[in-house]
Structures are given as structure tokens and as C-alpha cells.
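Undergrad: Protein sequence lines, in the order shown, are assigned to chains A and B. What the first sequence shows, in our numbering, is residues 1 to 284, in sequence order. What the second sequence shows, in our numbering, is residues 1 to 298, in sequence order.
To be clear, the hints were calculated from the coordinates, so they are not data collected in a lab. Misleading hints may appear alongside valid ones.
What follows is a set of in silico ranges between Cβ atoms, one per label pair, in the way DEER data are often shown [said to hold, decoys possible]: (1) B:Ile262 - A:Val119: 42 to 48 Å; (2) B:Ala205 - A:Ala240: 44 to 50 Å; (3) A:Lys266 - B:Arg277: 30 to 36 Å; (4) B:Asp276 - A:Lys127: 55 to 61 Å; (5) A:Val119 - B:Lys229: 44 to 50 Å; (6) A:Thr16 - B:Gly158: 50 to 56 Å; (7) B:Tyr260 - A:Met169: 35 to 41 Å; (8) B:Glu214 - A:Lys266: 28 to 34 Å; (9) B:Val5 - A:Lys127: 26 to 32 Å; (10) B:Ala205 - A:Lys266: 51 to 57 Å; (11) B:Thr133 - A:Arg267: 23 to 29 Å; (12) A:Arg94 - B:Tyr260: 38 to 44 Å; (13) A:Ala255 - B:Lys229: 27 to 33 Å.
Glycine residues also receive a C-beta, built at the ideal position from the N, C-alpha and C atoms.
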Amino acid sequence: MSVKVEVIEGGVPHNTILIAGVVSTLVCIYLTYLNVVTQTEMFSFFGGLAVVAALVWGSHTIKVLCSYGIGTGVPSAGMIAFGSGVIAMLLATRVTNLLLAPVVALILAAIIGLILGWVSNNVLNMKIPAMVQALTEMAVVGALSLMGFAALITGTFGFSGLTTGTVSMFGITLLTHTNSFLGGCLIAVAFLLGAIAIQHPFNACLGPGWTQDRMLMLTAECAFLSMIVAAIMSLALISAGSALISLVIAIIGWAFTYKEYMALSKRDAHSWLDSKPIPDVEGH
Amino acid sequence: MEHIVFGIGITALAGALATVAGSAEDTESNIGSQGDPNSQVQLAPQMGFLHRIFNKAVAGEPPAYGLWCCLGAGLAWAFMAMQFNAVLAIVLGCVFATFVQGVYATTAYVGRTASLAKFGQPVYVDILKSMTTVTMAHAFIAIFCTVTLCHLINTALGHPFPLPLLGLIWGIALGAAGSATGNPYYGKERQYQNQKFGAGVPISASGNIVRYAEAGERNSIDNGWFTAKIGGSASGICFGLIVFLELWRTVVFEAINPWYAIIVGVIMILIFTVIDRYIEVWARKTYGPYTAPKEADA
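Make a model of the complete structure from these sequences and hints.
TA: Structure follows, in C-alpha cells:
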């Protein structure tokens with residue numbers, strides 16, 4: 001039985017973040033379906049916003065889980081979130097009715113997370129009270145974030161869209177599997193972008209001076225930063241105009257959250273010194 | 001025969017790139033106090049030892065470098081898919097990956113230090129500015145060399161994996177090599193120069209890392225300068241050997257029979273196990289366990 005070392009004091013309760021996270025992520029992923037309705041790719045940026053929403057929720061789940069000494073380090077939580085999420089996400093993209101894919105991903109991920117949580121607590125004997133719920137939530141976050149990245153980079157979250165790309169040769173456009181989200185293995189980049197972005201905020205803000213608003217602002221910053229580079233990668237797979245819309249939104253979001261995060265850190269820091277020596281502490 | 005000679009040439013080039021990457025990676029992570037030495041940098045202010053050491057633990061080195069190299073490779077792949085020249089694509093990809101690394105480094109330092117406010121540890125803006133840029137420069141070299149060697153493996157040696165996946169695999173290998181080989185030199189040696197050699201780190205000395213330099217106060221560039229000499233080079237040789245031997249056995253023996261490459265791999269592991277064991281036993285015999293100095297008979 002591990003001991004809970006920190007408690008969440010004040011701030012928004014976890015359940016509120018959970019509900020807001022699920023709803024806003026699903027809404028944003030469904031909004032990328034406007035691409036199909038309007039036969040364009042300009043709504044792909046909603047995929048990036050889904051990633052931001054999912055990661056904000058996921059990083060708070062990591063805070064809840066890692067407040068117990070889990071003994072494997074904070075980054076491991078990000079890896080298991082996306083490791084379990086990628087299975088659910090890939091399976092869900094195969095459903096015939098594309099509109100069901102995000103919900104199927106959510107349900108499949110929750111089942112995988114539940115099993116993993118049960119195995120961790122009962123077979124590996126970790127016996128951490130928050131483990132089952134946290135791993136379930138994180139698998140869902142992983143699956144929906146990857147779906148968001150897929151929609152941001154390719155404009156769709158259907159399996160055929162993720163495995164087929166185009167290549168121009170002598171003015172003729174040919175279909176290819178090599179130049180696609182899965183064929184080019186951009187999913188590996190999306191995996192790590194998400195896995196590091198979800199664990200970094202708690203890893204960077206842990207300690208006695210942890211504050212919820214600072215950590216969640218950092219999550220949004222990490223997510224928008226991931227969105228910037230994902231939008232650059234999307235230039236290869238969707239129209240330049242649509243990719244630029246995502247890029248501009250990502251840059252604006254990142255610049256704002258980075259500035260806010262620095263301001264919150266300045267608020268929480270003991271002092272903010274420039275080229276000053278180490279202060280004298282009594283006894284040392 | 002010709003393609004084997006060509007393959008060995010590419011292998012040598014990839015090994016050389018890996019050596020540079022390993023060396024730069026270790027120096028970068030030491031300047032950022034990443035990896036296992038980080039715990040002492042994080043602990044020091046809590047024990048009352050305020051310091052001017054950079055603390056930018058984003059994650060362990062393997063996942064962090066997995067991301068930087070995978071991202072560099074993914075962006076390079078995207079630029080190449082847009083018909084960019086390969087050299088330009090790799091450089092641009094690595095520039096953006098280094099930008100991401102730099103942003104993560106600043107938020108990690110500011111966040112960790114702000115959470116230590118209770119112990120009076122200040123955030124040093126000059127440290128943030130000067131150390132981040134130095135780590136970014138080293139990270140760029142490490143990422144660029146790794147992505148280039150992945151591109152060589154992919155195009156010149158005809159590896160079936162796409163570039164981003166190779167970037168992920170070799171990025172994790174690079175971080176693991178730097179973490180396992182180079183870190184002890186910083187964490188066990190440099191941070192504890194004030195302790196008796198071979199004494200280990202007694203509980204009473206926990207967090208009491210060296211904070212003052214030959215002149216003035218020590219910062220992380222001093223640590224990078226120190227570890228670049230042996231820790232960085234050792235990491236470079238480690239990663240260079242991993243890449244070189246891995247590709248060499250595949251290029252030379254796979255052409256004869258794919259099973260031979262696997263058998264040679266197993267034999268190499270056995271040889272290295274014997275060498276490692278010999279060095280360990282020799283070091284224990286020569287330096288021995290630490291014993292407290294005996295009182296002089298009076």
C-alpha cells in the first residue's frame with residue numbers, strides 16, 4: 001500500500017475537469033467531420049484543439065495518480081496512456097460508420113484502461129486507490145489525443161484516410177500508402193508528442209509549491225507547441241491553406257499560454273533574479 | 001560484393017555520426033542536469049543548499065531524445081514528401097525539433113524552481129537564457145546527426161522502416177547510451193567533488209552538491225565543460241559502437257544468410273558480457289570497496 005504524499009488543495013475538482021475534458025475533446029473531434037460535410041480540409045485545426053482539451057484533462061489525471069508514490073516515475077504514466085490508447089484508436093478507425101469512431105475509441109480505450117488498472121493493482125500488487133480510474137482515463141486521453149493528431153495532420157480520422165496519401169509524379173497525382181499518416185509512421189511522432197506533453201506539466205511543476213492553474217497552463221502550452229509542429233507536418237498531407245490555418249491558431253495559442261505560464265511562474269517563484277549570486281541561507 | 005563495400009562505407013559514416021551525436025547528447029543532458037543526477041539538483045535547495053545549476057528534466061533521457069529525434073525525423077519526412085531536398089529537409093526538421101526542445105527546457109526549469117519557492121530557491125533569468133541556448137546548440141548536433149544516420153540507414157542501406165520510426169528507435173537508443181554511460185561521471189563524480197573519492201554519497205551528504213567553482217559560483221556550463229572531456233566522449237564511443245556494430249553485422253552477414261547476422265549478434269553480446277565482467281572484477285580488485293581510514297596507532 002503506497003502512501004499519498006500530496007493532496008489537491010483548492011482549485012477545480014478533478015471530476016469537473018474530467019467531464020469538461022471528455023465533452024470538449026469529443027466535440028472538437030466531431031467538428032473535424034465538417035471537412036467531410038463541406039468537402040474541404042480547413043476544419044482540421046479542430047483536431048489540434050481536441051488534443052489541447054484531452055491533454056489538459058490527462059495531465060490532471062496524472063497529478064491525481066502520481067500524488068501517490070507509484071515508483072515508476074511520472075514519464076511512465078504518459079507512455080502507458082498513449083501505449084494503451086493507440087490500440088483503441090487504431091481499432092476504432094476501422095468502424096464502417098465514421099461518425100461512431102470517436103465514441104468507439106473512447107469505449108475501447110476505457111475497457112483497455114480498466115484491464116490495465118486491474119492488472120496493476122491486483123496482479124502486480126501496486127494497490128494504489130486511484131490506479132484503476134486513472135489508467136482508464138489516461139487510456140481514453142491517449143486514444144482521443146491520437147485521433148485528434150490524426151485529424152489535424154490528415155484532415156480525417158478514418159482508416160482509409162490515415163493509410164492513403166497522394167504523390168505527384170510528372171504532373172500526375174497517384175495514390176500511395178507510403179505518403180500517409182500510418183505508412184509514413186507519423187503516428188510515432190504523434191505518440192511521443194502526446195506522451196511527453198501529457199507528463200511534462202506535472203513533472204515540471206511537482207514539489208511543495210505545486211499550483212493547479214500553473215500546471216494546467218503549462219499543459220495547454222505543451223499541447224499548442226505540439227500542435228505547431230504537427231501543423232507543419234500536416235503541410236505534407238493536406239492543402240497548404242488548411243495547414244496554415246492550423247499553424248496560425250497553434251502559434252497564437254502557444255504564444256498566449258507560454259506568456260501566461262511565465263507570469264504564473266513568476267507569481268509562484270520565491271524570487272526572479274538576473275545575474276545575482278546565491279542568496280545567503282543561515283547555517284550554510 | 002560491391003554493395004557490401006558500399007554498405008560498410010555507409011556503416012562507417014553512420015558510426016562516425018553516432019559518435020558525434022552521443023558526445024553532444026551527453027554534454028547537453030549534463031548541462032541540463034537531466035537523467036539520474038537530476039535528483040540531487042532537485043533535492044539540494046530542500047536541504048538548504050541553494051544553487052545556480054540548470055535543472056531542466058523534461059523526462060528521462062531515452063523518452064526525451066526519442067521525441068526530439070522522432071520529431072526531427074518526422075518533420076524531415078514531411079519536408080521530403082513536399083519534394084524538399086533531403087539535406088534542407090533534415091536541417092529544417094532538426095531546427096524545429098530543437099526549438100521544441102528549447103521551449104520544454106525553459107518551462108521545466110522555471111516550473112521546477114517555482115515549486116521550490118518554500119525553500120528560497122530563486123529563478124535565475126541569466127541561467128535560463130545562457131544555459132538553454134547552449135543545450136539547444138548541443139541538442140541540434142545530436143538530433144541532426146541521429147536523423148542523418150537514420151536517413152542513411154533508410155535510403156542507402158534500404159531499411160524498410162519509415163524515417164520517423166527509425167528516428168524514434170535510434171533516438172531512444174541515443175538517450176539510453178548517454179544516460180547509462182555519461183551520467184555517472186556527472187552524478188557520481190562532478191556533483192560530489194567535495195566528498196572523499198570512492199565514498200559514495202552518504203545520506204548526510206545528500207543534496208550537498210558542489211555549488212562553488214574555481215572562481216565564483218558554479219553553473220551548468222562548468223559542468224558541461226567538465227563532463228565533455230570524458231563522459232561525453234565515452235557516451236559518443238558507446239553510441240558509435242552500438243550503431244556501427246549493429247549495422248556492420250547486418251550489412252556483412254545478411255548478404256550470406258540472414259541467420260548469420262542474428263548468430264553474430266548473439267556472439268557479440270556474449271563477448272561484451274565477458275569483457276564487462278572482466279572489467280568489473282578488475283576494478284573491484286584494484287580499487288576495492290570503500291573503507292573508513294584507520295586511526296593511526298599511537
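Undergrad: Indicate whether the distance between the beta carbons of Ala255 (chain A) and Lys229 (chain B) respects the range 27 to 33 Å.
TA: Cβ of Ala255 (chain A) to Cβ of Lys229 (chain B): about 40 Å, so the range 27 to 33 Å is violated.
Undergrad: Arg94 (chain A) and Tyr260 (chain B), beta-carbon distance inside 38 to 44 Å?
TA: Since Arg94 (chain A) and Tyr260 (chain B) have Cβ atoms about 39 Å apart, the given range 38 to 44 Å holds.
Undergrad: Is it true that the C-beta distance of Thr16 (chain A) to Gly158 (chain B) lies inside 50 to 56 Å, as the hint says?
TA: Since Thr16 (chain A) and Gly158 (chain B) have Cβ atoms about 53 Å apart, the given range 50 to 56 Å holds.
Undergrad: Take a look at whether the Cβ-Cβ distance between Lys266 (chain A) and Arg277 (chain B) falls inside 30 to 36 Å.
TA: 53 Å, violated
Undergrad: Note whether the CB distance of Val5 (chain B) and Lys127 (chain A) lies within 26 to 32 Å or breaks it.
TA: 59 Å, violated
Undergrad: Could one say that the CB atoms of Tyr260 (chain B) and Met169 (chain A) fall in the range 35 to 41 Å?
TA: 39 Å, holds
Undergrad: Cβ-Cβ distance between Val119 (chain A) and Lys229 (chain B): within 44 to 50 Å?
TA: 46 Å, holds
Undergrad: Okay, Ala205 (chain B) versus Ala240 (chain A) on CB: inside 44 to 50 Å?
TA: 58 Å, violated
Undergrad: Holds or violated: the 28 to 34 Å window for the beta-carbon distance between Glu214 (chain B) and Lys266 (chain A)?
TA: About 33 Å separates the Cβ atoms of Glu214 (chain B) and Lys266 (chain A), which means 28 to 34 Å holds.
Undergrad: Given a hinted range of 55 to 61 Å, is it respected by the beta-carbon distance of Asp276 (chain B) and Lys127 (chain A)?
TA: 37 Å, violated
Undergrad: Should the hint that Ile262 (chain B) and Val119 (chain A) are 42 to 48 Å apart at their CB atoms be regarded as holding?
TA: Hint violated: Cβ distance 32 Å, outside 42 to 48 Å.
Undergrad: Hint says 51 to 57 Å; check whether the CB-CB distance for Ala205 (chain B) and Lys266 (chain A) agrees.
TA: For Lys266 (chain A) against Ala205 (chain B), whose Cβ atoms are near 33 Å apart, the range 51 to 57 Å is violated.
The structure fails to meet hints 1, 2, 3, 4, 9, 10, 13 from the earlier list, while all remaining hints are met.
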